[in-house]
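Next come the chains, spelled out residue by residue.
There are 2 protein chains.
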Amino acid sequence: MTTNGPSAGAKRDENMTGKMQTMLREAQISITDAIEKIDGKGKFQEDEWVRPTGGGGVSRVLSGGNVWEKAGIGLSVIHGEMPQENLRAAKDRGTARSSKDEKVPFCAAGLSCVMHPRNPHCPTMHFNYRYFETDDGEHWWFGGGTDITPSYVDEEDMQHFHGVYKDVCDRHDPEFYPMMKKAADDYFLIPHRGERRGLGGIFYDDLNDREPEKLFKFAKDAVNHVVPAYGPIIEKHKNDDFTEEQKQWQQLRRGRYVEFNLVNDRGTIFGLKTGIGRTESILMTLPETASWLYDHQPAPGSPEANFLDAARNPRDWV
Amino acid sequence: MTTNGPSAGAKRDENMTGKMQTMLREAQISITDAIEKIDGKGKFQEDEWVRPTGGGGVSRVLSGGNVWEKAGIGLSVIHGEMPQENLRAAKDRGTARSSKDEKVPFCAAGLSCVMHPRNPHCPTMHFNYRYFETDDGEHWWFGGGTDITPSYVDEEDMQHFHGVYKDVCDRHDPEFYPMMKKAADDYFLIPHRGERRGLGGIFYDDLNDREPEKLFKFAKDAVNHVVPAYGPIIEKHKNDDFTEEQKQWQQLRRGRYVEFNLVNDRGTIFGLKTGIGRTESILMTLPETASWLYDHQPAPGSPEANFLDAARNPRDWV
Chain U
1 MTTNGPSAGA KRDENMTGKM QTMLREAQIS ITDAIEKIDG KGKFQEDEWV
51 RPTGGGGVSR VLSGGNVWEK AGIGLSVIHG EMPQENLRAA KDRGTARSSK
101 DEKVPFCAAG LSCVMHPRNP HCPTMHFNYR YFETDDGEHW WFGGGTDITP
151 SYVDEEDMQH FHGVYKDVCD RHDPEFYPMM KKAADDYFLI PHRGERRGLG
201 GIFYDDLNDR EPEKLFKFAK DAVNHVVPAY GPIIEKHKND DFTEEQKQWQ
251 QLRRGRYVEF NLVNDRGTIF GLKTGIGRTE SILMTLPETA SWLYDHQPAP
301 GSPEANFLDA ARNPRDWV
Chain E
1 MTTNGPSAGA KRDENMTGKM QTMLREAQIS ITDAIEKIDG KGKFQEDEWV
51 RPTGGGGVSR VLSGGNVWEK AGIGLSVIHG EMPQENLRAA KDRGTARSSK
101 DEKVPFCAAG LSCVMHPRNP HCPTMHFNYR YFETDDGEHW WFGGGTDITP
151 SYVDEEDMQH FHGVYKDVCD RHDPEFYPMM KKAADDYFLI PHRGERRGLG
201 GIFYDDLNDR EPEKLFKFAK DAVNHVVPAY GPIIEKHKND DFTEEQKQWQ
251 QLRRGRYVEF NLVNDRGTIF GLKTGIGRTE SILMTLPETA SWLYDHQPAP
301 GSPEANFLDA ARNPRDWV
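So the sequences go chain by chain: U and E.
Here the first sequence stands for residues 1 to 318, numbered as in our numbering.
Here the second sequence stands for residues 1 to 318, numbered as in our numbering.
Chain U on its own, in the form it takes in the complex (with noise of 0.2 Å):
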């Protein structure tokens, strides 16, 4: 899945990031219509955002809602120069150019999106989907995925939101799926924990071994299931009953979230970092509220510890 060096496997196609800014945003629209139906009291408020040095976004921000705290999905695209570094940063390999200094135009388009209900027994939901090339057309790629974060572990939900993710897959290559599941797993742990932020999905970056147009079907397959995949366990859960302690438990794992998505997660370090990308739509993916006590430990036996022990040892859900 993923190459090193550059992107020699198939031609570039002038329009995808043309393709892709369209696509997303219908995606976007799409999701926010639904998610506000779920909602049923929430809107989101659209907030257009210009990038001095190149390119800008939309994004799309709820709060304060029936069943979601604060959800946000923000569509970028941005163009600019970039130095070596940075996109040696961004793709954790060496590049192929040969002056050392010289700043390499490109350009990126994505869509981001998390969305943190208030019922502890709903869970979080984030996805990504990207694009990303050089204007030589010597690197590009794609990249993005979807994945869950409950506080709790509902099997026949994860059963249900991995079942969805499968299906996708498989219609586009059965490899896929295991390949991208387990990426998930690796993606999403936090190291100095020593478990992951939640319970996985799919995740793919340096996607360029076929032919653009396949990938590009395959994300937008994949974006267009955010909704069958996460809106019926929201639907199931969003008037559960839940406990005092329940909520703190979800606020904890609020805070790993943070915790993830600031020390461990490479598109908010490097877009924090570099200032490519604006520090407010990077950032609208932290919850409303998130919590920390010192060496919280759950009760042997309770859900909450079935639940870090999800964490920390991913099961394969179908």
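Calculated from the structure, these hints are not laboratory results.
Just so you know, these numbers come straight off a predicted model, no measurement behind them.
Check before you lean on any hint, since a few could be wrong.
Identical copies go unnamed one by one, so any copy, or any two together, can satisfy a pair.
[As the list claims (entries may be wrong)] BS3-like mimics (lysine-lysine), calculated; alpha carbons at most 27 Å apart, straight line:
1. LYS217 <-> LYS166
2. LYS182 <-> LYS247
3. LYS43 <-> LYS247
4. LYS247 <-> LYS41
5. LYS220 <-> LYS182
Guided by the hints, dock chain E onto chain U, whose structure is given.
For chain E alone, kept in the frame of chain U given last:
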């Protein structure tokens, strides 16, 4: 203040790690005693831990106090071997060692503390005093500082806090306060926000430009002035009335505190990434609760806007 390369300016004191450990442990006890008296309800729980690869520590944590929602003060004495690259990362400078792969035996003693009060008119306070040396006497240095993070500007409080530390500094070297005040303003910057996490204090690192005994006495004087600098501010404000909006503003500032600690704080990132230190002790510094709202902007002319201005443009308080 900062030297480059081996600590050639003065001879190492063979007993310094032990002396620091004893002095910092006494400070840990006297500070927690004083804080318990001010709080009136909360008690520090002591927790000893052993680092499997060498050393350990004593954490004292208070939660659920009258005044403080969470306060932690951790003593660590760590010895072990460190890859060259960690030594470089720790010091942000190269080393003179010949072999690249050689591991460097080291010893470090430090006392680190964060206290987060409930009342939004009571500031959070942080300090850290530490000593580091490699076993061959080639490298040693002191670091430390005390800084304050209110949610609102109270000029009198800031004059008091900075005034106490200016007096401490002036007794040791009249150049210390201006240098260390500026170093704190530089260090506590959150670059992706263009603002500091709080209103500064003093900060120093890599200090080895004079006899170890002199630097030890300075560290001792500084840590022993935490209570005189911070206590009166808490006594003054601990029963202040506050609104829900002021509490929410405090929660947003706590979010910035988390951002700084997880994205920018050298010590936190070093500890989490290298596995040197214990995660729960490193992250003891995080607040019990924090909040993020999308693109929140205080009203022009409001006390919140005045705070932001002071966090963006450091002021001289004394």
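Hints, one by one, checked against the model:
Proximity of LYS217 to LYS166 under the C-alpha cut-off of 27 Å is restricted to the intra-copy arrangement: shortest distance 16 Å within a copy versus 64 Å between copies. Taking identical chains as interchangeable, the C-alpha atoms of LYS182 and LYS247 are never at most 27 Å apart, the minima being 30 Å within one chain and 42 Å between chains. In this homomeric assembly, LYS43 and LYS247 come within 27 Å of each other (Cα to Cα) both inside a single copy, at 24 Å, and across copies, at 25 Å. Proximity of LYS247 to LYS41 under the C-alpha cut-off of 27 Å is found in both arrangements, the shortest distances being 21 Å within a copy and 25 Å between copies.
In this assembly of identical chains, LYS220 and LYS182 lie within 27 Å of each other by CA distance solely inside one copy; the values are 21 Å within and 51 Å between copies.
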